[in-house]
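Take a look at the letters that make up each chain.
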Amino acid sequence: MKTTSPSASCRLFLALALLSGALLSGCATTGQGDPRDPLESVNRATFQFNDQLDRVVLEPVARGYTNVVPEPARDCIGNIFGNMSDAWTAVNNLLEGNPHDGGSDICRVAVNTTVGLGGCFDVASGMGLDKHKKDFGLTLGVWGVAPGPYIVLPLFGPSDLRDSAGLVVDFETDPVGYLYPVWQRNTIEVVRAIDARSQLLGASDLLSGAALDKYIFVRDGYFTRRRSQIYNGNPPDEPDDTEVNPLQTPQQPAPAAGAAPRKTSFYRMLNPDPHTLGTSDAPRPDDGQVALSTD
Amino acid sequence: MNSVVKRLCGGLIAVACGMAFFGGAMAQGAPEAPDVLVKRLVEDVMATVKSDKDIQAGSITKINDLVESKILPSVDFKRMTASAVGKNWSAATPDQQTQITEQFRKLLVYTYAGALSQVRDQQIQFKPFRADAGDTTVVVQTQVVNTKGGEPIQLNYKLTKEGDAWKIIDVNVLGVWLVENYRSTFAQQVSQGGIDGLIKALVDKNAQLAAQKGKA
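Protein sequences, first through last, are from chains Y and B.
Taking my numbering, the leading residue of the first sequence gets 1276, the next gets one more, and so forth.
Taking my numbering, the leading residue of the second sequence gets -7, the next gets one more, and so forth.
To be clear, the hints were calculated from the coordinates, so they are not data collected in a lab.
Each statement offered as a hint is correct.
In silico BS3-like links for lysine-lysine, alpha-carbon gap of 30 Å or less:
1) 79/B with 1489/Y
2) 140/B with 1408/Y
3) 1489/Y with 192/B
Chain B with its partners taken away, still in its complex shape (with noise of 0.2 Å):
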């Protein structure tokens, strides 16, 4: 009796906050919250992966059609590849950076696309979203599911607020944050060459997905 009670409050407490939640996104000229911006993106390049045979053929040209429409305006490249080179960044010159988040977005597109090449009965399912009102990093929890079984494929998105939209940051895939997994490569890399060295080791990497890709 006592536990009816104390869902049914529960369940009224979080109406409310859902309203009060609604209402002050109305007001504030209605940004997208996090965890409806993550299932808009996710829903959309699902669709578009499941109906094209080129994406699934991983046409590089076509996904970066694909990112360059609907995914990039969500992510904030900048920062992540701020965050990948971490302490060194600071010591890259602008132009620099530039080159490293030029040749960053390249790798993990390259990356993306051979993902989404993968994608055939895969849902994604999304599990309930908690943050505070205050928050300004948060992170939208998915799995991925095969429909014949199998382990489901953790796969969260970490979204910070930069004004008044959120931005992704990082995408975790089976528990491991891949812009944080890339901090020591780099690290290593600048320690060895110096940020050249790193832009140089990055462009490199990119030739030679390319040459496989022309290959392919």
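If we strip away everything but chain Y, and leave its shape as in the complex, we get (with noise of 0.2 Å):
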């Protein structure tokens, strides 16, 4: 028998998305789309095959695990998991140069892994140590690698360039993919995604409930999260966050017209938008005429 090496399947799995995904651009069509999304048709695809695949199979199993193991048991199988994401978290926070997270992370490992026997009791949390979730891409976000493209990993789902990367990281570090005897690693690798799965459950349920367009509404809110975590949960303003309060008019549409072009007029260039052409700012010779004609 040959050894595998760690998540062999898993690189060669992003390594195709990533490849299919850069040569399908040259086909994806960018009609009025978001800039970080060049890739949105083959993203469209992807998700709907995720969702797809995710109704079928993963949260029906999700939901079944929920319904035959209890709950004691259960909290116990995540917190173990946990614990051991904790230990990658305290290396990438000590990676971004933030040590008093990383060393409360270290802290959490070594009483959860003792006091919470092995990780199955999360006692760290209820001591004031707060869990943290980091990962490789977000140490690379905090380095100043910029997110890249949007892309949507079949089976991983939402990422972007950067975190698919981080995510190649992730995997080499991560323990379970060196467990030997493969079955011992794929049966663990297994009840980790259902355990992650399982939590998830509610959070699935309010996003198709609160989305107009599910894609679009996972889509912008990674791009935010990612980077509202990168900041720690405490981002500065974007440029283009201003809130714009279109309740007080009496500014012309300028302001707001003007905001946008930040870092879209590049992109416009590329893409001229009837829609956005035709509500210009400018002042139109024709306005007075429009509004007498409706008269």
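Mind docking these for me? Both chains are given alone in their own frames, and the hints should help you get the complex.
Put into structure tokens, the structure is as follows:
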């Protein structure tokens, strides 16, 4: 029996996903989409695929799991996986130059592994050592790597170029990937996936309820959340974020329209959008005539 | 030694500021400070939800009552809607604006109902509130903690000062501002089908959610 390198299949999968994304980007049409999402048509297809797969397989399995396995056991399983990820979170917090959180994470792992019986009980949270969740994609972000284009990975879901690269490192450093024999490793991977999905059961209900276009809602949320995480929950306002209060109308539409081209001017140049061009902020000579003709 | 002195001074300054603020508040007929307002609302709602089985089961009627009686007075739905619609807002007629606001409110109440039905053992922790006296827009930071452990869920409230009162205009869940996150979807709907297209999309979505609720 040959030894398999950690998560080889996962890496292969990621590589394929990235490659297919890059190849297909040529034929992806970028009508009037978001400049952060040049692969929208491919991404939408993958999103659809993931959604379908989730509906048919993952979600029912996760629901079955929550129905069959009693809550204390589920909590214990979730906490054990959480404890394992805390160790990697600690490393990332230290790499990000975040010694306070990193130190707290190390204490969490120490406390939960011992007093919490191998991570089964999250004793540390009760002691005021809050759980954090960091991955290598975030560390790259803290180091100044830009997110790059949005990528929906098959199975893994929303990501971007930077976070996909980070995910590869996350896999490499995952101790479960080094477990042997393979059946044990796979069993743990599957249980971990089911546990992760079961914890999202409520959230996915909410999401499908809240969104008009789930794809866009998830995509925009992904970028905002990752940015917020990079700044430890306190991101500075983006120039675009400055809230337009449309209720205060004394100003001409100029500021709203003037704020938009900041990052889209180049994009607009490539993709002139008849709609926005039509409602340009420039005063139009025929404004008065239009008003008259409707009278 | 030095740090002790520093801390002591800091404490004294805080007390002094607190008193000054309190005094100022009293003089103006005591408008509620934003963090106090959020705390009161959140604690009130949590207590109601934890004691009401119908709300936990996701009863829209009950949750609507809760929203109307407790939350609505402190939320500026019109401002929320305007912000989600963005620059297209001024292109809508007053009648269309009312319709969008009404439909968006319904959608948010549905979402809120879903969130409330998941409230069980969670506790809300309030982070230290920081704001300058002259601020007209502030963020109150809280986090939802599951008593059994796990990662706390960040839940922040953005409030703006309208006259003497503070009103909630957006909610941040896990780093994402909810109302802001609707902007590009709304803009897309408007670019495809105009303002009426957006209204129709919202009406359809609400009808779909109502049908699901009926089935469940």
